[in-house]
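J.: Next come the chains, spelled out residue by residue.
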Amino acid sequence: MTTPTADPAAPGTTAAGTAPVATDPAGSAPADSAPAFGTVEPEAIAALQQALAAEHAAIWAYGFIGAFDKDQLDISRVSTYTQQHIISRDGTIDIVTGAGAVPVRTEVAYSLPIDVTDDLTTSRALSIIIEGDCTNVWRFVIGCTDNAFLRDFAVSALSDSAVRQTAWKLVDPAITPNPVVAFPGAPAS
Amino acid sequence: MGLGSPNSWNDVGVQSPASSRVGRRTFLTGLGGAALVAVTGCTNPFSSAPTTRTVVSQAPPPVDPLMSLLATTRLHVERINAGLVNIAADPAGVVVLTLVQADRAAHLAALEAEVARTTSTPADSAATSAAAQPGQTVSISDDPAEIIATVLGDCVTAQTQFRDGVQSTSRYRAALFGSISACLATHRLVLQPS
Numbered sequence: 001m002t003t004p005t006a007d008p009a010a011p012g013t014t015a016a017g018t019a020p021v022a023t024d025p026a027g028s029a030p031a032d033s034a035p036a037f038g039t040v041e042p043e044a045i046a047a048l049q050q051a052l053a054a055e056h057a058a059i060w061a062y063g064f065i066g067a068f069d070k071d072q073l074d075i076s077r078v079s080t081y082t083q084q085h086i087i088s089r090d091g092t093i094d095i096v097t098g099a100g101a102v103p104v105r106t107e108v109a110y111s112l113p114i115d116v117t118d119d120l121t122t123s124r125a126l127s128i129i130i131e132g133d134c135t136n137v138w139r140f141v142i143g144c145t146d147n148a149f150l151r152d153f154a155v156s157a158l159s160d161s162a163v164r165q166t167a168w169k170l171v172d173p174a175i176t177p178n179p180v181v182a183f184p185g186a187p188a189s
Numbered sequence: 001m002g003l004g005s006p007n008s009w010n011d012v013g014v015q016s017p018a019s020s021r022v023g024r025r026t027f028l029t030g031l032g033g034a035a036l037v038a039v040t041g042c043t044n045p046f047s048s049a050p051t052t053r054t055v056v057s058q059a060p061p062p063v064d065p066l067m068s069l070l071a072t073t074r075l076h077v078e079r080i081n082a083g084l085v086n087i088a089a090d091p092a093g094v095v096v097l098t099l100v101q102a103d104r105a106a107h108l109a110a111l112e113a114e115v116a117r118t119t120s121t122p123a124d125s126a127a128t129s130a131a132a133q134p135g136q137t138v139s140i141s142d143d144p145a146e147i148i149a150t151v152l153g154d155c156v157t158a159q160t161q162f163r164d165g166v167q168s169t170s171r172y173r174a175a176l177f178g179s180i181s182a183c184l185a186t187h188r189l190v191l192q193p194s
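Keeping their order, the protein sequence lines are chains W and B. Residue numbering for the first sequence follows our numbering, starting at 1 and increasing by one per position. Residue numbering for the second sequence follows our numbering, starting at 1 and increasing by one per position.
If you're looking for bench data, these hints aren't it; they were derived computationally from the structure. Quick caveat: nothing in here was measured; it's all calculated off a predicted structure. It is possible that some hints are incorrect.
Stated by the list, open to error - Going by beta-carbon spacing under 10 Å, a handful of chain W positions derived as facing chain B:
(1) D69
(2) Q72
(3) R151
(4) D152
(5) V155
(6) L158
(7) S161
(8) A162
(9) N178
(10) G185
(11) A186
Stated by the list, open to error - Covered stretches of chain W, as calculated for chain B (at least 3 residues, CB under 8 Å):
(12) 89–95
(13) 165–176
Unchecked claim - Beyond 10 Å from chain W on every Cβ pair, some chain B residues (computed):
(14) S48
(15) T54
(16) V55
(17) P60
(18) V63
(19) D103
(20) V138
Cβ atoms here follow ideal geometry from the backbone N, Cα and C, with glycine treated the same way.
Build the full structure now, drawing on both the sequences and the hints.
T.: Right, dumping it as structure tokens:
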């Protein structure tokens with residue numbers, strides 16, 4: 001979905017259409033790191049950095065979406081979902097930091113995958129894309145770790161994003177007729 | 001050989017070393033120690049009774065939840081199919097149940113494919129013992145509201161089972177189970193009464 005427009009050399013920046021990947025060498029934790037919640041594998045830390053970057057982007061995008069809600073029809077939903085992403089972001093930062101890595105930072109701004117015009121339909125469509133991106137990265141985290149705590153955390157984040165995505169689809173069925181996805185976060189979904 | 005020579009007999013009595021004699025004090029000390037060992041329950045080296053030994057057994061390996069989840073999913077699909085027949089008079093209910101049925105059928109197909117990929121046992125024969133047989137009827141209410149409530153309850157149950165299954169399986173299956181669990185969470189949103 002959203003892609004960073006900041007300096008590509010900065011930590012957490014990525015190619016278009018993909019979730020940011022930590023490029024800072026300091027972002028990789030030593031293999032023998034053993035935080036309080038157990039050992040986190042290096043590949044899991046890389047996946048967590050992608051998830052963190054997606055959460056940063058989602059928080060930024062919801063702020064952008066709120067600016068288009070002139071009649072404040074979605075203000076409560078946007079506010080609630082933003083807070084949920086903030087909680088997920090902060091939890092992810094704690095895990096990444098506890099594993100000995102440096103969490104990726106948010107970007108100054110992001111390019112949008114669709115043109116958001118001055119109506120609610122496009123902003124709601126952007127919300128659906130945002131949540132879909134979050135389901136992708138969190139499903140990837142589950143498949144990158146054997147850590148039970150991390151799997152549980154990722155399943156919660158995946159489920160939350162999938163539910164938010166479905167809620168947006170139910171708000172405006174004209175965007176996507178089918179409000180549910182069989183395998184949220186799967187590449188084909 | 002004279003009396004003063006080194007090889008002559010010595011008639012003087014040889015004194016035994018004091019340490020080789022078991023004195024009364026030593027004897028009583030040993031007796032007291034043996035009594036103390038017996039009282040405190042330590043192993044008696046003279047006893048012929050069998051010794052009780054504590055053996056710490058290893059916990060059994062975690063059970064792969066795949067077959068259980070497959071059986072649950074198959075049962076729920078059968079129940080949704082039966083519900084679709086009984087809810088035909090309610091168009092809105094048909095729409096919702098059709099969406100859920102499509103996803104649950106996709107879950108069932110994915111789980112069967114996973115069983116077939118990792119074992120030599122066909123999924124059909126492996127899980128039917130604990131679930132409804134294909135073609136077997138599953139009873140469900142005729143009331144649309146009760147049908148939706150039943151399917152919603154199945155979603156809650158399945159979501160919990162898939163979420164629990166994430167913890168004790170391989171990475172690929174964990175991602176699959178987690179994704180299905182997330183899908184079931186969205187089903188709860190769709191099925192809940194508005």
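J.: Confirm or reject each hint.
T.: A quick look at each hint next to the structure:
1. D69: Violated - the Cβ of D69/W stays beyond 10 Å from chain B, reaching only about 22 Å at its closest.
2. Q72: At about 22 Å, which exceeds the 10 Å cut-off, the nearest Cβ of chain B leaves the hint on Q72/W violated.
3. R151: With a minimum Cβ separation of about 5 Å from chain B (threshold 10 Å), the hint on R151/W holds.
4. D152: holds (7 Å)
5. V155: Hint on V155/W: holds, closest Cβ of chain B at ~4 Å, below 10 Å.
6. L158: holds (5 Å)
7. S161: Because about 8 Å separates S161/W from the closest Cβ in chain B, which is inside the 10 Å limit, the hint holds.
8. A162: Interface hint status for A162/W: holds (4 Å vs cutoff 10 Å).
9. N178: holds (6 Å)
10. G185: It holds, given that the least Cβ distance between G185/W and chain B is near 5 Å, below 10 Å.
11. A186: Given a least distance of 6 Å, the restraint on A186/W holds.
12. 89–95: Result for this restraint: violated, n = 0.
13. 165–176: holds (count 4)
14. S48: holds (50 Å)
15. T54: Given that every Cβ of chain W is farther than 10 Å from that of T54/B, nearest at about 29 Å, it holds.
16. V55: Holds: least Cβ distance 28 Å, greater than 10 Å.
17. P60: holds (18 Å)
18. V63: Fine: 16 Å to the nearest Cβ keeps V63/B off the interface.
19. D103: Its Cβ does come within 10 Å of chain W, the nearest being 4 Å, so this is violated.
20. V138: Correct as stated: the minimum Cβ-Cβ distance to chain W is 22 Å, above 10 Å.
When the structure is compared with the earlier hints, violations turn up for hints 1, 2, 12 and 19 and for no others.
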